[in-house]
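K.L.:
Chains as they are written, first to last, in full-length UniProt numbering: chain A, 1 to 328; chain B, 1 to 510; chain C, 1 to 327.
Calculated from the structure, these hints are not laboratory results.
Mixed in with the good hints, there may be bad ones.
Here are some chain A residues pointing at chain B (derived, C-beta under 7 Å) [as the list claims (entries may be wrong)]:
#, residue
1, Val-8
2, Pro-9
3, Asp-10
4, Arg-11
5, Leu-12
6, Ser-52
7, Arg-126
8, Asn-207
9, Gly-210
10, Met-212
11, Phe-213
12, Thr-291
Quick reminder that beta carbons are idealized off the backbone N, C-alpha and C, glycines included.
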Amino acid sequence: MSTTERIVPDRLRSPLEQRLKSWESLLLLVAIGIFVANSFASPYFLNAWNLSDATFNFTEKAMIAFAMALLIISGEIDLSVASIIALASTAMGAAVQIGVGTPGLVMIGLGVGLLCGAFNGVLVTRFGLPSIVVTIGTMSLFRGISFIVLGDQAFKGYPASFSWFGQGYVWWVISFELVLFAIIAVIYAVLLHKTNFGRAVYAIGNNSTGAMFSGIRVSRVKFILFLLTGLMSGIAAVCLTARLGSTRPSIATGWELEIVTMVVLGGVSILGGSGTIIGVVIAAFVMGLVTFGLGLLNVPGIVMSIVIGALLIGVIALPRLWSMWRAR
Amino acid sequence: MLKQSDTILPAEGETVDDSVLALDGITKTFPGVKALAEVSLRLFPGKVTALVGENGAGKSTVVKILTGIYQPDGGTILVNGQPTTFRVPQAAADHGVTAIHQETVLFDELSVAENIFLGHAPRGSFGLIDLKTMNSKARQILEEIGAQIDPEHKLKDLGIANKHLVAIARALSIDARVVIMDEPTAALSHKEIEELYELVERLKTQGKAILFISHKFDEIFRIADNYTVFRDGQLIGNGAIADVTEAELVKMMVGRDVSQIFPKRSANPGEVVLKVSDYAHPTEFDGIGFTLRKGEILGFYGLVGAGRSEFMQSLFGITRASGGTVEIEGAPVQIKSPADAVDSGIVYVPEDRGKQGAILDLPIFQNVTLPSLGRISSKGFLKLAEEFKLAREYTERLDLRAASLDTPVGNLSGGNQQKVVIAKWLATKPKVIILDEPTKGVDIGSKAAVHEFMAELAAQGLAVVMVSSEIPEVLGMSDRVIVMREGRIAAELAGDDLQPETLVRHAAGI
Amino acid sequence: MLKRFITSREALLIGAIILLLALISSRFPGFIAPGNLANVFNDTSPLILLAIGQMIVILTKCIDLSVAANVALSGMVVSMVNVAAPGLPIAFILVIAVGLGTLLGMFNGLLVWKLAIPPIVVTLGTMTIFRGIIFVISDGKWVNSHEMSDAFKAFPRTEILGLPVLGWIAIIAVVGFTVVMTRTTLGRAFYAAGGNPHAATYAGINVGKTQFWAFTISGALAGLTGYLWVSRFAVSYVDIAGGFELDVVAACVIGGVSIMGGIGTVAGALLGALFLGIIKNALPVVDISPFWQLAISGGAIIIAVALNAQSNREKGRIILKRAEQAT
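Isolated chain A, as found in the complex:
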C-alpha cells in the first residue's frame, strides 16, 4: 500500500555515540577520579594485596546487586535480600552442627536462597501484592526466623574446605569471590542485554500492562527474577559465611540498602525500565573504592555511610539541579 519509496533508517545515533554520552561513562570518570585521589591520599593504596582485600567490600553485595538490577528494571524491588543471607547462613550453620559437609552446605545455602526468592515471588506474582511491602515483611520474617533459631548465639565450626569460598585465591591476588563476581557480571550482562528474557524485563519495566498485552508472560518473568535474586542472596550467603567463619542472626544487616544504592548509583531507574549491568559493575567499584580509600584514611565506617548516602542523592540531584540552573 505504500506508494512512495522511503527509507526509515534503523538508527539515528550510533550505539558508540550513545554509550559515550551515557551515565556509565560519567560514572567511570568518577571511579577513575576516586582511584587517582586515593592513590595520592594514601601510600598504602596502590598495593596489589590491599586492592585485592578491598574487593571484598563489594563482591558479595554486587552479586546480589546484579539480580536486584533486573528486578528494579522490571519495576519491582526486593528489600529482603540481606535477611535471605541471614536465613541461608543460619540454615548452613544448623547443618554444620549435624555434620553436613561442604558440598551439602553449599546446596543448602543456595536452596534456602531459592526458596526465599520463590516465597517472595509467589506473594508478588500470584497474589498481586506490592513487592516493596511484601519484601519489607519477609525482611522481618526471614531474619526473624534466624533470631528464633539463634537468639544471641552463633553457629561456628564450618569445615576448613568451606572457608575457601570466602577466603580462597584462584591465582596470586585474585580471590575466588572476585572471579565469581566477574563471571556473574558477564552472565547477567548477557542475560539482560542479549536475550529474549532481558528484552521482556525492559518491556515489563516500561509498561507491564503493555507487555502483557503483547503476549509477554509477565508473572513468569517476575517470578524468575525473584528466584534469581533469592539465588544470588544464597550465593552471597555462602561466600560471606565462609569468609566470616560464623553465623549470627545479625549477619549482613543493612545490606539491602547498600545494594539498592549500588543499583541506583549504577544508573538503574528506581522507577523501572532502564539501566545496564556495566553501570552496576562500575558503581560496585566506586562504592568499594570509596569505602577502601576512606578506610585507609582511618575514617570510621559510619561516616562513610554519609558519603554513600550523599553519593546516592547527589548523583541524581546534581544533573537535575544543573538543568534547572541552565533553564534559568
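With the hints as your guide, set chains B and C onto chain A.
P.N.:
Just chains B and C now, with coordinates in the frame of chain A:
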C-alpha cells in the same frame, strides 16, 4: 466570513468587551512543537462555544491554559476585558473558570461533598472545614442538577454516570462564570447524554459561558451557539453555528474535503477460522457465540459498556472466562493468557494505545518484535540484524512515518503509533486480528488509511474482528455485524439488515 | 453507617486486637489490668507518633525510610544540648527537637518536591546521612543517664491520671491529626494528591508541595519522638531506634494504609501500631522469647497486605457488576 477564515475577528454584533473570557494571540511552544500559534478565542455569557479540531490541533493545550495548568509563552488572557494571568490552577478557579474533564477526574476515597468542595470548602470555627454546611450545600447543588446522590457517600461507591454529575456539581460549586466541557459525552449513554444537554441549557439560562469541546458534529449542531476551529495549533475560523454547514466545518478542520468513503471490498469468505460458543464471564458477558471465516470482517456494535471490549479482552486471555469454548480452525484451544492467545493465532489491538497497545518509551523496532522474539533469536539469544529486518519488513508494509526505527513510539503521532501496534501483530502471522475502536484518536486523514489497510488484511485472508461505536464505520467496513447489549448478543445482522436504525434499535433494546 | 463501619478495616483491626487481648488474658489475666494496658499504650506511643507521620507520607504516594534516623539524630542533638546546658527548660528542648526534626523532614520534602527524586531514594540516602551525622557530632560516644538532667528525663514519665505524659502526647497527636486529616484543607489535600495526583493538579492542589508538607509533618513528629525516646530510655547513641522505620511502615500497612497512596486513616495507623505494641509487650508475658517478635511482625505485615489487596479486588468486582447494570 467563512471564505476569509484566516483573519480572526469577533463574531458580528459582538465586541471584545462582551466576552467574559477571551484569549488573544496565545502562543505555546513545547520542545520541538509549536502547540499554539497566536490563537484567539472568545466566550460569551449564556452562549455555548464549540471548540472543534482534529487530534493535535491544540484543543487540550487551550484547556490547560484556561485552567492554569500551562502558562502561555505569549499573548493575553482577558477576563471581562481585563488582562489576567492564571499562574496556578487555583487562580483560574478564583476567576470563575472551571473545567469538566474527559475522564471524570475525581477522588475515590473522598466523600461526594468533599469532591465537590475540595480546595474551597466552607470554613467554620478555627478555620476547620464546616462539614454540616458543606454537606447541605452539596446536597443543594446536586438537587439543582437533578442528581439523586447522597453527598456523604464515598465517591468510589458511585457509578460512572453519577461520578460525572459530581464533576459537574463541582464545576458549579465555585460559582463558575465559565464552564469548560472537554468531550463530556465520551463515556455516557444516550439517556445520560440527553440529560447533559438539558443541563447545558440550564447553565446557559443562568448566564454561564460554556466552552464545549467535542468530536461529534450532531452534538455541536444541537447545542452550540458559536464555533471556533483550530488546526495544527492555529485558529482557522470562528462564527455563529447557524451560519455554517457540517461540510464547511469539516473542511476547516482538516483543510481539505473529506467524505467518508470506505474501501470497496468483494466479500469472499473462506473456511471457518474462529468458532466461539457459549462464552461467559461471571459479571461481564454471557452466552457469546459466533463463527468467523477467513477474509471476513465481523463488526461488533453496541453502546459504551455493552461488554464488547470486555469480551474481546477475555477472548485474548486478559481476563479469565468462566465458561464456553474457543476453536481455531476446528481445534479447541485453551486461552489463559495473552501469550496463549498469540500462540493460537489470535491478536488484539486494544483501544487504549498508550497503556495497552504500545510501550511508548521503547523504540519502534523493539515494539514491533516484542511478541515475535522467538523468531529473531536462537536459543533465547537475540540476533539484532534479524530483529531490524523483521521490524523493517512490517513497518514498511504499513507505510510507517518515523525518523528512525530506534525512535521511541511515544514520539509518534496517534496514527503512526497505531501502525506500530498493528505491525507488531502482523509480524506474528496471526489468523484472527481483533481491532478495538481502531480509529479512535486517529485524525480524519489517517482514518481512511486504517480502513484501507483493514480491507487489505481481509483480502489477504486474515479474519478480522472490529469493535466500533461509529455506525458509519461499522456499516462501511463489516460483512456481518454482531450487536451487543448488556453483555449479551442482541442481534447478528448481515446483508439488507445492515441499516443504521436497525443497529441502534438492537443496541438500545427498543 | 453502622454497616459501613463493621465492614471497615478499622473494625476488623479492633476485632483482631480484642481477640489478641482475650487470648493473652485467658492465661494471664493481669495483662488486661488497666495499669498494664496503660503501660502497653505508653510503650507503644513512639510507634503511634511515627506511624501517624508515616501514614500521611504514604497517603501522598511516598515513603519515609529516614524517620528512625531522624529520631536518633534529633534525640542525640537534644541530649547533647541538655548536657551542655542542663538548666535549659524542657519547653526549649521540645522546640529544638521538633524544629530540628521538621528541618530534616523538610530536606526530604524539598528533594522530592523540587528535584522530583523518588522518595525511596531520597530517604534511603538521608537515612544513612542522618546516622552518619550523629556519629560525627557525638564522636561515636553515648550520652548516658547520669549525664542527662533530671528534668530532661522526668518529662515523658510524669504521670497524669495514671498515664505518663508520653502516652498523653500520643493521644493528643491522634486527636489532633484526626482533626487535621478530616477537617482541614491540607488534610484533604493529602488524600487527593495521593489518590489521584492528576486530578489534584486540576483541583488546584500542588502535588509536590503537598508531599513536601507530608515529609515535614513526618519529620516534626520524628523530632518530637527523638526527644521522648532518649529521655524515656535515658540514653542516646548512634544506633537508637535502628531499623525502627520498618516497624513504622509495618504499623501503617497493618493499619490498612495503602502503599499505592490515597487510602488510610489516623485511626488505622493507631490500631496498626497498637497491634504491634501489644504483641511486643505480650511476648515476655506469655513466655515466648522476644526473638520471635521480628518474625511475628513480618508475618503480620504479609497477612495485612494480603488482606488489603483482597478488599481492593472486591472493589473491582463491584464496579463490574454496576457497569453491567448501567448499560
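K.L.:
Each hint: holds or not?
P.N.:
Verification of the hints:
1. Annotation: Val-8/A was flagged as interfacial toward chain B, and the flag holds, the nearest CB pair being 5 Å apart, inside 7 Å.
2. The beta carbon of Pro-9/A is positioned within 7 Å of a beta carbon in chain B (closest approach about 5 Å), and the interface hint is therefore held.
3. The interface hint given for Asp-10/A is met, as the beta carbon of that residue sits about 5 Å from the closest beta carbon of chain B, less than 7 Å.
4. Interface hint at Arg-11/A: satisfied, since its Cβ lies 5 Å from the closest Cβ of chain B, which is below the 7 Å cut-off.
5. Satisfaction of the interface hint for Leu-12/A is found here, the shortest Cβ-Cβ separation to chain B being roughly 4 Å, below the 7 Å cut-off.
6. Checking Ser-52/A against chain B by beta carbon gives a least distance of about 34 Å; that is not within 7 Å, so the hint is violated.
7. Hint status for Arg-126/A relative to chain B: violated, with the closest Cβ pair at about 14 Å, above 7 Å.
8. For the restraint placing Asn-207/A at the interface with chain B, the shortest Cβ-Cβ distance is roughly 4 Å, inside the 7 Å limit, so the hint holds.
9. Interface hint status for Gly-210/A: upheld, as the beta-carbon distance to the closest one in chain B is roughly 4 Å, under 7 Å.
10. Taken as an interface hint, Met-212/A checks out: its beta carbon lies about 6 Å from the nearest beta carbon of chain B, inside 7 Å.
11. Taking 7 Å as the C-beta cut-off, the interface hint given for Phe-213/A holds, the closest approach to chain B being about 4 Å.
12. This hint is violated: Thr-291/A has a C-beta 34 Å from the nearest C-beta of chain B, more than the 7 Å allowed.
Hint compliance for this structure: hints 6, 7, 12 are broken, all remaining hints hold.
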